[in-house]
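Based on these hints, arrange chains C and E on the given structure of chain P.
So you can see what is in the structure, the chains are spelled out below.
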Amino acid sequence: MRPFQYLSPGNLSEAISLLAKYREEAKVIAGGTDLVVQMRRGVIKPKFVVDITGIPGLDYIRYDDTQGLRIGALTTIRVLEKSADLWQRYPIISQAACKLGSAAIRNVATVGGNLCNAMPIADTAQALLALSAKVRTLGPEGERVVPLEDFFTGVGKTSLKIGELLVEIQVPVPLPNTRGLYLKHLTRGSIDLPIVNVAVLVTLEPEDKVCKDIKIVLGSVASTPIRARKAEEIMRGKRIDDALIHRTAQVASDEAHPRPGSIRASVEYKREMVKVFTRQLIQEIVSQYN
Amino acid sequence: MTELSAIGKGIPRIDALEKVTGKARFTSDFKMSGMLYGMIVKSRYPHARILRIETTRAQRVPGVRTIVLPDDAPDKRFGYGLCDMFALPRDGIIRCVGQPIAVVVADTMEITEEAVDLVNIDYKELPAIFDAEEALSEKPPVIVHPDLRQYVSLIFPFSFEPDLPNCFQHFRIRHGDVKKGFEQSDFILENRYSTARVSHCSLEPRVVDAWVESDGTLSIRTSAQTPTSTQMNFATLFGVSPTKVRVFVPYVGGGFGSKIGNDTMLEPLAMMAAIKSKRPVRLSHSRTEEFVGGRHRADVITYIKDGVKRDGTLVAREMKAILNAGIKGDVAHIVARNMAFGSVGTYRIPNFKWDGFGVYTNSPPTGAFRGFGTPEVTWAIEQQMDMLAEKLGIDPVEIRRKNLLREGDRDVCGQPTVAFGVGNCLDRVAEWIGWGEKPVQVEGHWKKGKGIAVGNKYTVSIPASATVKVHSDGTVEVRHGSIEMGQGINTVITQIAAEEFGIPVNCVKIVHGDTAVCPQDHGPVSSRSTFFTGNAVRLACQDAKTRLFDMASSKLGISADRLGISDGEIFVTSEPGKSISIGDLFIHEIPLKGSEVIGTASFVIPTVPADAQTGQSERIVAYYGHFAHAVEVAVNVLTGAVKVVRITAAADMGKPVNPELAQGQMEGGFLMGIGTSIYEQIILKNGVVANPNFIDYKIPTTLEMPPNDNVKAMIHPVPHPEGPFGAKGLGEGVIVPIAPAIANAVYNAVGVRIRDLPISAEKLLKQLKKNGQKEKD
Amino acid sequence: MKQWLRLRVNGEDYEVFTEPWKSLADVLRDELNLTGVKIACNEGQCGSCTVLIDGQSVKSCLVLAPKANGKEILTIEGLAKDGKLHPLQEAFIKHFAVQCGFCTPGFILAAKGLLDENPDPTEEEVREWLAGNLCRCTGYVKIIEAVLAVAKGKS
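Quick note, the sequences are listed as chains P, C and E, same order. The first sequence begins at 0 in numbering that gives the first Met the number 0 and counts up one residue at a time. The second sequence begins at 0 in numbering that gives the first Met the number 0 and counts up one residue at a time. The third sequence begins at 0 in numbering that gives the first Met the number 0 and counts up one residue at a time.
Chain E residues, not near chain P, derived (Cβ > 12 Å throughout):
| # | residue |
| --- | --- |
| 1 | G10 |
| 2 | D29 |
| 3 | D81 |
| 4 | P86 |
| 5 | E89 |
| 6 | A148 |
Ranges between beta-carbon positions, derived for each pair:
| # | chain 1 | residue 1 | chain 2 | residue 2 | range |
| --- | --- | --- | --- | --- | --- |
| 7 | P | S265 | C | L3 | 55 to 61 Å |
| 8 | C | V439 | P | V266 | 33 to 39 Å |
| 9 | P | S16 | C | K762 | 53 to 59 Å |
| 10 | C | R51 | P | K81 | 54 to 60 Å |
| 11 | E | D12 | C | A515 | 38 to 44 Å |
| 12 | P | V266 | C | R409 | 51 to 57 Å |
| 13 | C | R56 | P | V266 | 40 to 46 Å |
| 14 | E | D12 | C | G593 | 53 to 59 Å |
| 15 | C | P241 | P | V266 | 52 to 58 Å |
| 16 | P | V266 | C | P126 | 26 to 32 Å |
| 17 | C | D121 | P | S16 | 42 to 48 Å |
| 18 | P | H256 | C | G392 | 47 to 53 Å |
| 19 | C | V439 | P | K81 | 33 to 39 Å |
| 20 | P | P175 | E | D12 | 54 to 60 Å |
Below, computed lysine-lysine pairings styled on DSSO-like, alpha-carbon distance capped at 27 Å:
| # | chain 1 | residue 1 | chain 2 | residue 2 |
| --- | --- | --- | --- | --- |
| 21 | P | K133 | P | K81 |
| 22 | C | K41 | P | K44 |
| 23 | C | K390 | C | K762 |
| 24 | P | K46 | E | K1 |
| 25 | C | K447 | C | K390 |
| 26 | P | K81 | E | K70 |
| 27 | C | K41 | C | K123 |
| 28 | C | K447 | C | K769 |
| 29 | C | K446 | C | K642 |
| 30 | E | K80 | C | K22 |
| 31 | C | K22 | E | K83 |
| 32 | P | K26 | E | K70 |
What the hints contain is simulated information worked out from the structure, not anything from laboratory work. Backbone N, C-alpha and C fix where the C-beta goes; we use that ideal spot for every residue, glycine too.
Next comes chain P alone, as it looks inside the complex (with noise of 0.2 Å):
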């Protein structure tokens, strides 16, 4: 690892200072379980890194009725993990955190930084834009909200701009009879980086099984997480019966478009693969009514 300057601001105006001081020569480390094998790897050799562990007030799980839930950016995937709260109201939002690395790395690993790497696979991206999420920034220019579809522009890019930092995730209350589930599919059972990943969140009217809303967002199929609009379109406000539920599957195969020549998975493995997977979902879903 390339030799650095260790800093660590006590309170987020110190941070952003910081980092619009040093602009692109800083990093940002939170629990640093992607950071730091990217800085081994030499993929980034930052002069400067700047430890946002250490200032308060970001790591809390906040939920009202009239707002939603606030996410602090600092709150680790564990905490996201063992929330009873979160389980009760946004399970999909603890299924990608549950499904995310191992034990150890979800300790010290944060919501902020999963969002912040921008990875096309990132587990709770999936989860959080199919709720419609947004994030709140601070930098220098002062606070912004950004919904989560726009934070991601790229591979490993966001929408960040120098020393703004991430510090909040607003998730809406959902609408009534909403529910989602995320899957992650694997080669093996847990810690793989998947093949695809996918999240579906369904508002459907119970009595006639008509579907109000619903949110496809695929992962590992584009160069950041994407939501499979056209087949929203398909199934929005239809009854949902099998049929539509594989046209629908289709679809969204087809709004995917991963990278040819991955060592994970070929490009037609990967469109298979949404099919199978959105269909798996919308079905549990739709089952879970009953």
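Showing chains C and E alone in chain P's frame:
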């Protein structure tokens, strides 16, 4: 027969306490003052001429102490076996991506890493060849080792093919007349199979600390399996006597064959660095470097043609196997020869023809991997047996039973079959897996199936020596030359010595891992340690006892042949009350006769060199171990994923010295077998390892093994007449039949046969869809 | 530029002067001579470097040294108390859960992390938790057996 006190008992490992408290030391746990850190500058191209190496900028980095360059390498080709490489490319030719070109040495790893990036190398790229069959042709587009004809083999007469410029090994077996055999057959089946390149992934990466002692002794501490080979090779390379080379090997964190022939990898580079810098140097592999330069299991292509009678009897078998060695033939030229024995040790075949080839390509080097060629060949054979069974309407277990060798039969190499227990092993696994009962199917998209396979693993004959010293307090100190890499050899040796002397195991002390002190052994290769090292220890114990009895006999006035020993006492067997303690002997007798009691012995099994044309020999290997595996798998028909849900094996490895350790080897073998069948593959893209880390090269985790209740390791021993207390070896055999058993089970589940490892989800799904398509059409 | 760290390791206080790019695993091994902490991949994939930080299992190769400042760390060397082995250490010996031993300290500490949180896990839960620790020798069979034996002993 008297009850054995220590043999056959599952006593706890003698090193377990050290290992669970973190006190057990591995090479990188040692510190040397003034130690420098080295890193290898590696080639970026698969085949190139080095035009220029520019090191000025690297040398200017503060803290860089020296850079070892190709011209510093001794002008001698060397190798473990076939001597085909220089330590660094003195000939100016790079033959694979990742090949070491130079070694940078500096005060810290950070400085070394920075300096390595500043070494500038100009190359002229040359065309490269990666495909083994293309490389094996008479006029290949690329010749990897143009000087092949001049190379020397330390182990066998060098058997290359004059017409095949990239072929460094051709081994033949001829038995009977296959042409006639096929004419007599009722049914013929011909297929092509292939195995993948895989990596050992021992948890401890390679590391070497090298230094020159004050008396000029070239010393290294290393994570290795074959320290005496290092001694010999260093002697050759550095022009010193082997006694001026000292190799220390502490605990080794996993070998599996990866650390056989370390002496042709990091070790000479570390030594050159230590000599040039005049300081101790640590040269280690990061995990990435382990994946790139750590020697893989070569991929092997096997063509097999079987002729059978309608009743399932094998009449003729013709096999051709091609091993893609990469750039180094050194260990590979032994694997390319010995892989033949996988086809020899199990079945009775009246007409047999084998041609095994080792071929060079511009891929990273390969070497010894648990099984040493036998699993690769068994992959083909055991699927053939199932396919023949299906074609003839015979049960797969039955067709195997029908064709097994019998005790006393000569195998296709002409060696008599001794201690052959696979029939019983087959029965036991068939029973456990519920052969004949269809698997209980579950929810819709998982389909279950069962599969079975048998195999063997030969052990070559390499002599071992041992020394036993009896101390005045009754402690027995055993010095042996094998290496403790997790297989439990130190515990096994302890039990043997405890049994011989009739003492508790904690009265045995083991000295290992130092070539200056330990006897010649060669090391844990070919599943030989229990048999060879164990026998040498047993004989050395007996030698020591003879000396004790001689001395006691004069003291007790009884002839030595009437004496026995137990619990530190030498007693008259017919009058146990009449005895003398070892302590008393040391006081009264031993000072008069010489102050030490040391027993030494060597254990040798003479073998007969195989005929160059026919591979025939009265004894070509020391012995075979025999194994049967059965698995139940679940295949996901939507994703192609394969999960092993139940797995069992029965091993005939002679009478186990420690059944718990044997069982542990089998369970570990299950896991490595599952991994190398389903998940693992070194992916090469133009000679570059594309997945050199644990993220993209997936070894099984706890979740890839079935629940404990569904895992059963059984031992069905047939004592070997020459083994110590009847023991053979099993370290490698435990993995041999797993891949074909899984392939057979997958076929049973979903009707798809995969002939090219690994049985990956994507491959399987593609085939499933094709079959589904066929059904619709 | 080196900086000072204060750590409490295995119940003892230490001050270490080290570069911030060293990992906690490096510091424990090289500065405090606690070589029971093993580095097998240095990328957080194999778990051999697992230690407990403030009671939680963490992969120490991924922890930059300064982040360990002020923390309480437990390594394998600190598990036995006054010469008495921890039940997990005893179980690993008794159940033959050790072969080459390189992954052993990481497994034992990871298992301790599990049992401290969930004293009576199912086999499935043990497997899930330990999926972040790799072993190439044992097949995990006896490791799982040892951990479950300790859990049952407690309950």
